[in-house]
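Colleague: Read off the chains here:
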Amino acid sequence: MAGGSTQGPELTLPATAGENPQSSGVAGSNTTVTGSAGSQGTLSPWARFTKSSPLVALILQRFALSVALLFAVSLLIFGGVEALPGDFATTYLGQSATPQAVANIRKDLGLDQPAATRYFQWLGGALQGDFGTSWASKNSVSEQIGKRLGNSLFLAFFAAIISIPLAVGLGMLAVHFRDRLPDRLINVVSLAAISLPEFFIGYLLIMFFAVQTGIATFPATVYDTMTIGERLSAIALPTATLVLVVLAHMMRMTRAAILNVMSSAYVETAELKGLSGLRIIAKHAAPNAIAPVVNVIALNLAYLVVGVVVVEVVFVYPGMGQYMVDAVTVRDMPVVQACGLIFAALYIFLNMMADIIAIIANPRLRHPR
Amino acid sequence: MTEYKDFLAQQVMLGKMNRREFMGRAAAFGITLAAAGTMFDTAAKAQEPKRGGHLKLGLEGASATDSRDPAKNLSQFMFVTSRTWGDMIVETDPLTGKAVPALAESWEPSADAATWTFTIRKGVKFHDGKELTVDDIVKTLERHTDEKAESGALGVMKSIKEIKADGDKLVLVLSEGNADLPLLLTDYHLVVQPNGGLDNPDAMIGTGPYKVTSFEPGVRATFERNQDDWRTDRGFVDSVELIAMNDATARIAALSSGQVHFINRVDPKTVDLLKRAPTVEILNTSGRGHYVFIMHCNTAPFDNNDLRLALKYAMDRETMVQKILGGYGKVGNDFPINGTYALFPEGIEQRAYDPDKAAFHYKKSGHSGSVLLRTSDVAFPGAVDAAVLYQESAKKAGIEIEVKREPGDGYWSNVWNVQPFSTSYWGGRPTQDQMYSTAYTSKADWNDTRFLREDFDKLILAARAELDEAKRKDMYRTAAMMVRDEGGLILPMFNDFVNASTKQIKGYVHDIGNDMSNGYVATRVWLDA
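In order, the protein sequences belong to chains Y and L.
So the first sequence is numbered by my numbering: it starts at 1 and just counts up by one.
So the second sequence is numbered by my numbering: it starts at 1001 and just counts up by one.
So here's chain L without its partners, still in its complex pose (with noise of 0.2 angstroms):
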């Protein structure tokens, strides 16, 4: 009852949901209409934005390794900082997953997608006060093209063949057609900096709504409201304050004692404890990132489909999401897409635990003996639990699968993408396209199941290039099902993000894109005292 009407609520704060439509849901649940119009009016106040108040987050994935240059920011801690101090050239929406605009106002393509034209915003200034122009894009662009800048975002700009500024407008020509190339320029390292950050790429000046006061590297940085933001729906505190905290006990500690607003990744064995508190609230938010089992087609024995199918059939994805997640995500269906993403192939049917389906496969694929299957609990939290459930799922189908459990240091270099049957994990990418070109196409740099289909890679590129929407669907439900069925991917379960907070936090969106609101959650909510 009091959880429905909670549930009711957040509606209304998120926005989901009219007077009329409250009305009704809440009459259907036996609230009387009076008491349903003071609920509606107490939630709907909530929903408005307060502003001042000095925000504090408890961030794990700090490093003293932390670069401020954004092309380098690799950890959770850096990825939430750019994102309080910079700006985008495009975002996505947080419950579509579609491009919205940024610092571009608005784009084009040409018929071929291979051309694309950016309108540039105007009175942007930079913290230091200099006014944003075409050329600051185009240097940023540049910037992270050069090898040299070790830029994380280097794979997503290989396909831009040429960036130049056209007036006061942004021209990009691409090597081949892509329909997803506004939603490529989301990616968090491309933050605009001034002369794209040539001068001086750890400056951390940018045109986002917080300055940044002060930055030391694995221990806290601090913010203050950039006065002059171009937006007003962002930016409600007055200063931002994020600290490292790495251990897990201490960021609920933290929370649970009211010293910080915010945690993020909440353990999901604990998370039951933490609910206990009345003051903390838990936010989990589903997510794209996805925990895998990964066979190596091209290497034996996985280079039988038949085995393949049988390790599919023999995974408990339903245990697996209770156990190793707390319940905390979705099962997964042996594809790296899920319903975050547009353009999303419905209705292929889900797999399930088939011991009888496995046993069958198993015995056509004619292979004895047992499976190797490494594993660690760098792949993923709890990987080597979820490899033990694995195994004693896979007896039941007669299917012997030996544990091996390997150090978590050089894990990424010694085990996966190297053995061909091993434990991993994959984040989301902006795009099915991106998805399935970073891991499933042939020349994929990390190609992690070894899956060399010609047929794929053609299908993969074509779909890129098309503009039409349901054309484009179509194809990438075809190529779900050929890794579905045919490729080397066990997709037991996606995680949900799981974010605590106190309960003055208010506002928090739930983004579709990425953990901890995107990378905004710093920009987008408020304290209510």
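For reference, chain Y alone in the conformation it holds in the complex (with noise of 0.2 angstroms):
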């Protein structure tokens, strides 16, 4: 990946490359666009902003990038969601379908009309922030959705407040203690997080902490009289789920990568100098490996919003993932296109911000050859 070409032996990391190969590919070819435009001499306005201020040129192009791709996963959606077997009107009504209810349901719906038409249609609403109403349920998918959304980010915000520090933390401790009794612990124990699905350990804790003990809240139905208190007791156990899911992941690739950055040569210099393990672990070497680690971070940051329908399901959460999975059921195609566009977003927006992070605590990546 572009990593060879315009990094440092410390920074090169196999590993972050087959993490998250689209963003490092994305953020390898703006580089080499920019490069090529300065080395030509004839400078247009924007090869001299590039010049000026490369850093706002550059994530300026990591933008606009992002609002393509949405564009291109936009079509994307569309074309996958007509490829579907089956139309809306014979699967809502399912074993109870007339002709004559499909043909009416079918002409209501405007499913008559050709698919190009209804992209750009869809399209059109969806740049302003309307999705339009569910076939289903007639309801306006917008309202729903923020409403689901909201109930994801609550969520994945606290599963995320947990398990970023944590993982980070304990990656940290498992590089000062190596291959020592803390971190084969901390390996050990977080690979059998990773190796067990998250629906089984859902159920083991629901088994442990809602049948056997009756100490934590079951099922995890939030609603909207709910106080903050109830919330937060309902999303407990979810919560420690999806913590358990993705800690493991973020927690290893800290390690990874602080390690790698421990035998560059300026490490060896701060140990020269004489200071303690855990503070060059934290002022020398994590902030050399941040990149790596933010790539992780967004990946399962953007997984603990769109990823979780099985959680979402076995905790009876209402979710985004779970109104998606409804949806596609009876193929209500406004909310399946809505939630897909979501996601998408989501994703690209979060490797987007790992990209930027990545170029801002990376100096070099600003000024390749």
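These are computed hints drawn from the structure, not numbers from a lab.
Computed from a predicted model, the values in this text were never measured in an experiment.
Warning: the hint list may mix true and false statements.
Reference listing, derived: stretches of chain L covered by chain Y, where coverage requires no fewer than 3 residues with Cβ under 8 angstroms from a Cβ of chain Y [unchecked claim]:
(1) 1144–1154
(2) 1206–1219
(3) 1453–1459
C-beta atoms are modelled at their ideal positions from N, C-alpha and C, and glycine is treated no differently.
Mind assembling these two chains? They're in different frames, but the hints should get you there.
Modeller: Laid out in structure tokens, this is it:
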């Protein structure tokens, strides 16, 4: 990947490239474009801007690319939904579909119009934040998504603020006690957690904390009239499950990234200066390991919002994933498309943020050769 | 011993056994008179409903796409929801399945059963305080007749030609006589709404025992007791909460940890594990729903009655009930009616697994090579396993069945009612007539066995208008025999509705009409602290 040509040996992390090919690829291609423009000597306004404030230029480019990507994704989502077998009318009516009823519904929903027309209508609405009405329940999709997305973000937020510091902290600890008991322990436990499917972890937690001891709230249904305290108690078990699921990934990445930096010359210098182990890790090694760690964190954050359908089902939590699955089942296209687009936007946004943070954290990425 | 005691106690609680009968049975079982007396009193006391409390139900089948409009209710969750806030014009008796008064106090057919006059109850109030009038009922029925309302009851309403109010009576004129009309009006979509729901079909305002206090599709619904309810024999708890729980394990966990009082759809595979929990009670009710293997009578090779008979004899029904339903069901006899229907034709010989007869008919059919059966687990729970079981039992008769597993997604549009041999599921219908005219008459919308017989159509039509019960029963017997011996239906089993509750729940009515006490579970049970 791009890392080979632009980065020093201490930052060549094969694991990073493997973890997040998409974002590093994008960053890499950006770099090449600016580089070639600069070397040609004919300075367009954009090239001059690139020269004078390379950071802003890079970020702007990265942002433009994200928008383009989102458009491409919207096309893919629409196409994919179109390609699903069976349409809304037959699926919604299920076993009780009469030809008459099917025809009525299709006409009402404008399904008789060409796909291109429908795509642009949909996109036009989506750009204004209007995702139309659900075909099945006739509710406003934006309104429903507002609620569901709020729930998902609420859960993801708490899972994130527990798991990220925990993962980074544990990663640093593991490096500090490298190959000694605490390191091994952290490794084994996190590997065990990552090896268990999330529904299984969920069921285990339910069994212990809800069924046998009865100390935790179950099911984790949340609704409007709940107080914040009740909400927090309701999400305790799903949050714990999510923390266990994402912890290992981030922790191991932190450990690997820091270890990589630890073998470089300047860390040796710091050691020779007589600095304490933890201080070296925190002040000297960690900042240089930010890029790969941030990438993994971004991926896991995205997962916490869009990938937790199973956890939502197990804990009866009304989040986005469940909403989308319900919609796919009956081919409720406006909802499926809206969910797909929002999920894609989240992924793209988080990856973009990770790239930007990586660029800020590592000045060398701004000045490619 | 204890099981029998429990059974006796349950009979008393359900009001199925009086004191004398109970003492007799108990004495026959060697229980002393004094002990039996105490037992009866305890059981009888438990029968008296207690009021108050907050009832929580964890239900499968909710979706974020559920509609508030009862006309569009499809899921199990919405079925219970609308039954909790709304009332029908007519209800069914839970034990006999006959029509009983609800918002209509009484009714009268004309001699040809084509014109029906309903007397509507007075003094009933909607949740918003407005008094129920005949006009509301007329508008309700009209709305469900309108195709734009996309009502699930449209098929039921088709035979009604005219809906009008005659003073404070409701008059329905049918296109042809139908002795079962009151039963058609029990369809769960036909909830009576103010002005028929024309102003706001989504308002969830009705005349039922509970008022809706909140509703989030696919998440939860809450209710409070309607203080002005026109009936006193229902609505015992103060408030009800329905929670959407689509995951079977989540439902079981919620029930065994006491977070909910009742769950539906207990998997036959886990029911024995659940039974071990001391606080849990399994509630299984015989139902009309049936799991079927359907052959198209007009498509080769299934256009050959000998092949159809061979495939019928090659089915091991007992094993199916044991293995696929975990014993929670009854064997079927290749016609879609069982003893829960009024006018059930008794005395028809039970078809049994008979490899020799199967081989005989198979040989006679002249068919060779394998028979392709398409299936998917969405057809009914365990459908793929059932197909493989069937493959095994047919093999012993020398019939080779090739099982093809189809994707569940799109099964109902691409396989069922399209491919000549597939697995499927049928829920029951309120009447035999409806069952036959939905799926077995030539012009039926879902004639999924392609059973096209003019004499059969005529018979069903004649039986529909026949008011003499004995004659009618005879006609349905003939109809059953035709489907059983010449139709394309292989019906190995009727599934029980398997629900479970905590022991706090009392008064659960095993309603033969439909699952979850015919949807009335929340309005009929009470909580015993």
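Colleague: Determine which of the earlier numbered hints do not hold for this structure and return their numbers in increasing order.
Modeller: Of the numbered hints given earlier, the structure breaks just one, which is hint 3.
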